[in-house]
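Trainee: Sequence:
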Amino acid sequence: MKKAIMGKKVGMTQIFNEQGKVIPVTVVEAGPCVVLQKKTVESDGYEAIQVGFGDIREKLVNKPKTGVFKKAGVNVKRYIREFRLEDVSAYEVGTEIKADIFAVGDKVDVSGISKGKGFQGTIKRWNAHRGPMSHGSKFHRAVGSMGASSDPSRTFKNKRMPGHMGAVKTTVLNLEVVKVMPEKNVILIKGGVPGPNKGMVIIRNSVKA
0 MKKAIMGKKV GMTQIFNEQG KVIPVTVVEA GPCVVLQKKT VESDGYEAIQ
50 VGFGDIREKL VNKPKTGVFK KAGVNVKRYI REFRLEDVSA YEVGTEIKAD
100 IFAVGDKVDV SGISKGKGFQ GTIKRWNAHR GPMSHGSKFH RAVGSMGASS
150 DPSRTFKNKR MPGHMGAVKT TVLNLEVVKV MPEKNVILIK GGVPGPNKGM
200 VIIRNSVKA
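Its first residue numbered 0, the sequence shown is counted upward by one per residue in numbering that gives the first Met the number 0.
Just so you know, these hints were derived from the structure itself, not from any lab.
Since the structure is predicted, the reported quantities are computational estimates derived from the model, not experimental observations.
Each hint should be verified, as a subset may be incorrect.
What the hints assert, rightly or not - FRET-style restraints, in silico, Cβ to Cβ:
{"no.": "1", "residue 1": "L172", "residue 2": "G120", "range": "24 to 30 Å"}
{"no.": "2", "residue 1": "Q119", "residue 2": "D99", "range": "39 to 45 Å"}
{"no.": "3", "residue 1": "Y78", "residue 2": "D150", "range": "49 to 55 Å"}
Each residue gets a CB set at the ideal place from its N, CA and C atoms; glycine is no exception.
Work out the full structure: start from the sequences and follow the hints.
Mentor: This is how it looks when you write it as structure tokens:
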């Protein structure tokens, strides 16, 4: 059965398992998420639920979104996302989705917006090689050849060049849930997940497991 929840990345720490081995984990405050709307094949052509996460002041939400929350009868939320599930009959508008939908040992995919790195050169952005560092070379961290000058007399699309790095949607696949604390709405996931601390992440069933 497909499962999904939104959460906030708190940070990283480490825990010890029963064998005394250190496991690096990311702490995610998962939910509670509130179901705002159900979409069905009859009305929308597909099955999905629309959920909200993260409390926010009503004055910071525009009127169309405020109408969505008022219709559902819930407080306004910072984030709204849609999850396509196999069976939405188990959910009703106003139902809360909490961290306990996942269990220890579950394999999950975590999506988020990666950290922005600003404008970067080809060495940092694309792992390009640098030139010799001797004084006479005069070529250290430059881009290098742009292509032939005679034919085709242009630079091809998708040429790896300096530019904006990071701040894109990223998904890390096949991570493991190490611990679930339902009373605190916290999930500990082995390894790192995308994005900065306090960034919003989405946890789903792994597509590989």
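Trainee: Each hint needs a verdict: does it hold in this structure or not?
Mentor: Status of the hints after comparison with the structure:
no. : hint                     : result
1   : L172 to G120: 24 to 30 Å : 29 Å, holds
2   : Q119 to D99: 39 to 45 Å  : 41 Å, holds
3   : Y78 to D150: 49 to 55 Å  : 51 Å, holds
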